[in-house]
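**Q** Sequence:
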Amino acid sequence: MAKTALSVHKQGDTYVVDGLGSPSGALKFGRGMRTGTVTMGGRALPIAATGRLRTRVTAGEDAILCLDGQGAFVPGSGAPVEWRTSRPRRGRYHAALVRGSDLIDFSLARSDGKSVQISVDGHWDQLELIALAGSFALLSRRRGDTYLKMAFAGIVSHGPH
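89 is the number that my numbering gives to position 89 of the sequence shown; each next residue is one higher, with no gaps.
By construction, these hints were calculated from the structure, which means they are not laboratory data. Watch out, some of these pointers could steer you wrong.
What the hints assert, rightly or not - Computed list of lysine-lysine pairs in DSSO-like fashion (alpha-carbon distance at most 30 Å, straight line):
#1 Lys3 / Lys28
#2 Lys28 / Lys10
#3 Lys28 / Lys114
#4 Lys10 / Lys114
#5 Lys3 / Lys114
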């Protein structure tokens, strides 16, 4: 089984994929990192994170990709996939997309906001789109967690005087 190492990193105000030869796709976030646009081959797809903790991600007007637990789907074979996320541990955000024995593993360090590390096992159609969407999910989740921490700190610091 082929194993590929990729990374999605910030380049200016967009994120691009390294490790695929000559990638053409890019991810640009909207305000608050809850929405954005994935551009591939001249086609722009809206992408959004929904839910209180930003745990569900969809790409495309008519959702050609969805990362949402066992309800996940990606372009390709139509085989069932599962999007697994976990709480941040030891300074890392982690998620995995699983299809049978095929796996895409995503990892983001809290301290490195500019790069998502991706390990790919097996063959995946539209891998660049999946890599950008999975990276969007982790980066958006981390931003949401940062907002929650700031709100909590604001509440605690303005307690009884």
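**Q** Hint by hint, say whether it matches the structure.
**A** Structure-based check of each hint:
1. Lys3 / Lys28: Distance ~27 Å between Lys3 and Lys28 Cα, so the pair holds.
2. Lys28 / Lys10: Status holds; Cα separation ~10 Å.
3. Lys28 / Lys114: Since the Cα atoms of Lys28 and Lys114 sit roughly 13 Å apart, the hinted pair holds (cutoff 30 Å).
4. Lys10 / Lys114: Judged against 30 Å, a Cα distance of about 5 Å means the pair holds.
5. Lys3 / Lys114: At roughly 23 Å apart (the allowed maximum being 30 Å), Lys114 and Lys3 satisfy the hint.
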